[in-house]
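Could you build all of it, start to finish, from the sequences and the hints given here?
Listed here are the chains, written in short residue letters.
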Amino acid sequence: MLESIVSYGLAIGAVYALIGITYNVMFSASRVFSFTAGMLGMLGGVLGALFIGKLGLPAIVGFVLVLACGAVIGVVTEIVAVRPVLKSIEQHLYVLSTLAFALLVQQLTAIEWGTEAQPFPRLIPIGSGWLDQQFWLPLLACAATIVGLEFLYRRTLVGRAFLAIAEDSYAARALGLPEQRLRLASFALAGVIGALAGFTGGEMLLAFFGNQSILSFYGFVPVALGGMGSNRGAVIGGLALGLFQQAANFLVGGIFAAVAVFVVFIAVLLLRPEGLAGATLSRRV
Amino acid sequence: MPIKRRQVLSGSAAGALSLAGGLASPAIAAPEPIKIGYLPALTGPSSSTGIGINRGTELAVNEINAAGGVNGRKIELIVRDTQSDPTKAVNGAAELTKRQKVNIVWGPLNSGESLAAVPLVARDGIPQLHPCWVDSLTDVKKYPMCFRDAPTNQQIGAAANRYVVDILKRKKVAVVSDTTGYGTASVEAYAPMLKEKGATVVYQANIDAANPDLKPDMLRMREAGAEAIMPWSVNAGFLARICNTRGKMEWDVPIVGQTTLGSGQTKALLEKPEYWNKVYSNNFRNVCFAKDGKLLPRAAEFVEKLRKVKIDMGDTLLWWIALGYDGVHMMADAVKAVGSSPEQITGYWNKLKDWPGVYGDITFTPQQHNGFQDDEVVMCEVNSLRDGAFNLAPGYAS
Amino acid sequence: MTDLTQAAMLATMPRSSWRARLGKLAPFLALGLAGLAFPLLGDSYWGVIVTRACVYWVLVAGLNMVVGFAGQIAIGWVGLLTLGAYTTSAMTAGTAMPAVSPYLALVASAAIGGVFGLIVGMPALRLRTFYFAMATLGFSTIVTQVALAWKSVTGGGIGVPGPVFGWPFVGDWGFYYFCLLLAGLCTWMTANLAASRFGRALVAIRDTEVAAESSGIAKPRLLMIVFLFSGALAGVAGGLFSSLQSYITPDAFTFDLSVLFFIAILIGGRGSVLGPLLGTLLLTALPEIAAPLVAWSTFLYAALLLAIVLLVPGGIADLLDFKNRRPLEQHREIVPRPELLMQLLHGKRGETLSLSGVSLRFGGVQAISNLDLDVRREEVHGLIGPNGSGKTTTLNVISGYYAPQAGEVRLGKVILPPQAPQLRASERIARTFQTPRLIGSASVVENVMIGGTIDGRGSFIESLLTLPRHRRDEAVLRERAMLALLTVGLDQLAEVRADRLQHSELRFMEIARALMLQPACLLLDEPAAGLSAEEIRRLGVLIKAISRTGTSVLLVEHHADLIFDICDRVTVLNLGRVLAAGTPDEIRSHREVVSAYLGA
Amino acid sequence: MPISVRDPLLEVSGLSAGYGKIGVLHGIELTVGAGEAVALLGPNGAGKTTLLRAISGLLPRSGRIRFAGKDMSATGPRDAVSAGLVHVVEGHRVFTQLSVFDNLLLAGYGLPRSARVHQVEEALAFFPEIAEKRRDLAATLSGGQQQMLAVAQGLVQRPRLLMLDEPSAGLSPVLVDRVLAAAAQLRRTGTAILLVEQLIEKALATVDRVYALARGTIVLEAHAGEADLPNRLEQAYFGQDAQAPLQT
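Read top to bottom, the protein sequences are chains W, E, B and G.
Under my numbering, think of the first position of the first sequence as -11, with each following residue one higher.
Under my numbering, think of the first position of the second sequence as 45, with each following residue one higher.
Under my numbering, think of the first position of the third sequence as 931, with each following residue one higher.
Under my numbering, think of the first position of the fourth sequence as 444, with each following residue one higher.
For the record, the hints were derived by calculation from the structure and aren't laboratory data.
You may find that some hints are simply not true.
Claimed, not checked - Calculated lysine to any residue pairs in the SDA-like style (CA-CA distance at most 25 angstroms, straight line):
id, chain 1, residue 1, chain 2, residue 2
1, E, Lys338, W, Ser157
2, E, Lys397, E, Lys239
3, E, Lys322, E, Asn435
4, G, Lys464, B, Leu1240
5, B, Lys1253, B, Gln1335
6, E, Lys292, W, Ser157
7, E, Lys185, E, Pro438
8, E, Lys354, E, Asn435
9, E, Lys316, E, Pro438
10, B, Lys1343, B, Ala956
11, E, Lys145, B, Leu970
12, W, Lys75, W, Ser(-8)
13, B, Lys1253, B, Pro1028
14, W, Lys75, B, Leu970
15, E, Lys142, B, Leu970
16, E, Lys142, B, Val1094
17, W, Lys75, G, Leu663
18, B, Lys954, B, Asn1317
19, E, Lys215, E, Leu436
20, E, Lys186, B, Pro1028
21, G, Lys464, B, Val1406
22, E, Lys145, B, Leu1240
23, B, Lys1149, B, Glu1404
24, E, Lys142, B, Asp1429
25, E, Lys239, B, Ser1082
26, W, Lys75, B, Asp1429
Written as structure tokens, this is what we have:
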């Protein structure tokens, strides 16, 4: 039982963590929480099943295509749903515009792909039990993402520019950094990470349009727990959430596991609105 | 079939085509068409049943209209897609009964929508035929004009229980479902029935189908000593996960349950084909391959017909198509025999005896509007699926 | 009243009142009459659809107060509908306790809906927008899960039959009239609310929380009342919904429904009652009319939402707002009438504001240290200093946004509690802001009326039902606001949307709003910024006149000429300390000041 | 009467800008010659910072801006930087989560990789005290060092005109001298400077020419060495003659 809690909990937790990172990457570049994070995860699964399962492309080609689609959708999100409302960010119109965009894509998926869960192809036919690909693939993706982001932020100029924009976009603009292009790039990157989450979690979650709302919510919980903008917080929060959810699943059963997660989420938010590891104080007047 | 809410299916090209709102009246003074209000779920989360039944329904309407209609009257099928949403089913039922003033309502095809629509149709005094299994959906006192041409949950469960207890001889059973209305209702009903038959329900649960990991529940079942798993759900993903988890746990236990266990969608979601072994789903004797590998004559003839008009059976189930086909014919026969007023139709059906459908023989009485026979509900071997039909499960005397 | 004010009042008030009121009422009356006459058409199919629209509107009307007025992004309100539906059905069916009349069950649903509205809403008091949206979303899923699990009461997945309402609302049309009646009632109540100080306060919280606080609006309390109200309406709507559906199962309460409610409000326009009403009608009827598109309905809702957000953020209400599309006069002049101040501010007493030993540091930065400052009655006190010298911080300590680490602030004898901006208004401390804080979509006079919120005497319920005390409040507030506008010289623009005003006009509008408090102490944060020389001169005259009515005025300003013209005393800050204090003449010749302020 | 500038590098005419509805600048006329150092003085709230922002394109504006013979009236800060017009913003806003060296690398974002490191070293050479700390996070620097870093960021692109917004704000007198000395040194290498400064005397010692800004318009223009300048400035600021710019 413990083995099952740990292997499955970590795997699903890694997917949540990746969605959490997707929220964060978009947030850092634009101060916008976007409902599209869960949508990207859902699409990662659906597109993977479409390219590899339906169209029969080789797994690696399908994988690259899925990530590319994620990037494109990220860019479209920025142009359609984020850029137009950035000017008046204090009105929180982005909540509505990204929600609308995410719903749009979800409904389109429901209509074109169907409302039934469909199989996600098995990519690497080795390993079984807790060594099964569906368990280690999300963890691998999560680790690779963290290492990749760390490399990007610490070793490349573009990555540093992302950090600069996240910290002080005004000063970054004054320095001549191409803020708009960097924001687009961030959304593309978020698209890739979100799609990666959905793709690697595909075998667990199946290719199903309904995954969007699940991932939107459970992917946001790590962000709320770990503090917005903190990728480390998202990973820890995500894995903890996965384990907690799976343990609750074993101990109290499905319906009540969902209730338990919700209660913890609300409790943490009410007691520490800035997350367990974050602190923000902004001047209002 | 394209997604359209109100679609009028009205016979051959020469036939009188009248628009749903009565905007255009027939050019020639043809006899008034028989209006059948039809409430399938053609889109939305539980639409696969609807899509299957719809093929049979359309086939029957076309066939009848091509043959000149019923007593010279064409059948006009007025379709409102309920999208598997009870709210839309209520709006749809209102349109069919109040505005279109249809002669008969056919459907809804899913229980969740029927639960909301049946009382409304009854209030408007229009005869209704539906194939939904929830027991409370026929009640001669509350809904005197509502008939069911399919088994009740009671019959479905009883058949599965009989198979598990009497034929497979398993006494410790796990009964589970997803959290939908249909699923929870089934578990509620079947667990006590199993106990009555002398079996022990060692595990009973409603599992959130959105949760991808079923291992916790399956482990608990095994620890409880279950010798058979009876899942009740129309969710292919949920059922496939049960099969997959059983396979990966290398747990040799039969799975006996809902017909969706044998659907193509469930099959597609299996990780290995052999995970479909020792899975038995409900089916109906008339549309199963007998021991000799042949269908009964009535069904065989029907399959021939389907082949002829090139209706695909590969991605759906034969009994769904048959059910749709039978439903329309039952309605047409009533009108043909007595006329199309509500009393005439109800009166005719109330005396219907051994009406020979492809799907099953139907008998109604004024006190009993559940027309399906107990012994026609059987179990089948799901891995024998071909042309939308299955082999009868092992153990039945033919 | 002087002749002048009477003339001005007569010129503006009556015309704007009855004709404007009729203009506002007309669409509601038309809809109401259409609703009453509708059964004559005899189309009972559309009867069902319109009944449904009425049921949805009962919920949306309440939700509108939360989303459209208070600006809280509650996307999971279907959860409360579910709750109401099950409460009514279970009580009528008697699954939990002896069966009761459906009417009684409906009342109970309102109560339970209200309580849960409050519970769901509570996080909004602490959480950021997006977090709250997520919390409501989570709540709606949980309710469905509980409905599934709690079989003995809810029937689990099999569900329960909905109630059938008995005499006097019998049959389909009887039920129709029942729903229509309740929908009408909700429209009336929310329209009353929208036109009350509570409605304005909600919009103020949405658009300019800071100004709302400084006007004494207590956000938590007000929001809690509104969540209670909105939850109660959702509970009633749930009860009606279950009867309309005739039978309820958890799968009837889809997220799509929540989206519909939410989008109806945004399509209608935030801060409007008519707009969301039309939005609800539109969204309920649209799938019935656009037949082939039914599978695309949620897709279309989403597309509509996106289009509205990006193209017409004001929604239908904005499109219908013909009055505010008439061009304004181009060359407007603000001519304050300081002579009206005595009348506007009669009966109030000025008080001395004093800071003693106030220190505040942010992290490593000492923003102000050991500051002593006295602003006496009938005095204009200038506060100047270079950027970052602590002027605005001082203002924020006085108005309670920051808690100083040492020292205290007193008004007269009262020690002002730190970090409680919403308590300043009751001490009669009013202020303006560096960038004008306004409700762009409300009229100028409504913006000004915000300033007098705390002087309303009627309760929330009285406003809902327009009881006499509410009407008296409104009349008094409006009259005083008109007088305030007349005083600052904006009376001609009273009914114009505030966001159409020029910058300088907004500055004067803020002063009018502050005067609504009849302030004992007035804090002005750079009121002259962005004004022309002539406007600055008039501003100066006005400020001086305000002080002469007894008010103590603290003026933070960069315009040295204004400071030296009108201040009785000036304090110069540098690096958070008092560099000098004295009369303008003393300051002008103060060597250190000149070098600090001019940097020489 | 504008002082004629030989060989103008930056020409601003009829420039107006503001924040939303608030008009801050009205019809600004200003020139900076190549290699010239100009101070922009004025009381708080006069619009000095706004003017720099408008010139560099951080704010939307109307009017004409020519820089080095090119029209820059509609370009953003990125084009300004690549043309050699660099704006060091107020309040030493460096990126505290990055190292000193990374801060400087970012300042050379548009440069080819090889030139970038070279020019960063060049900029660091101006400020030995931060060159030592090149690996440290900018958050660990003192305020004065952060200001030096901000100025150094401005130098990486080898600007033809460097706009410095109150480099002395919040610094101790020693550090102010240090920063202004760097500006003077820079000027000797031929870089033009537009300096916004509160400390008039120090500013006057650094520059050739001054403009005074009050209430969003230029109220005074003079050579740094002119007699009685502080008094005239004071008059201009305090608005004894607010309606019209001072006559000279």
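To test your reading of the hints: which numbers does this structure violate? Failing hints, ascending: 1, 2, 5, 6, 7, 10, 12, 13, 14, 17, 18, 21, 22 and 24.
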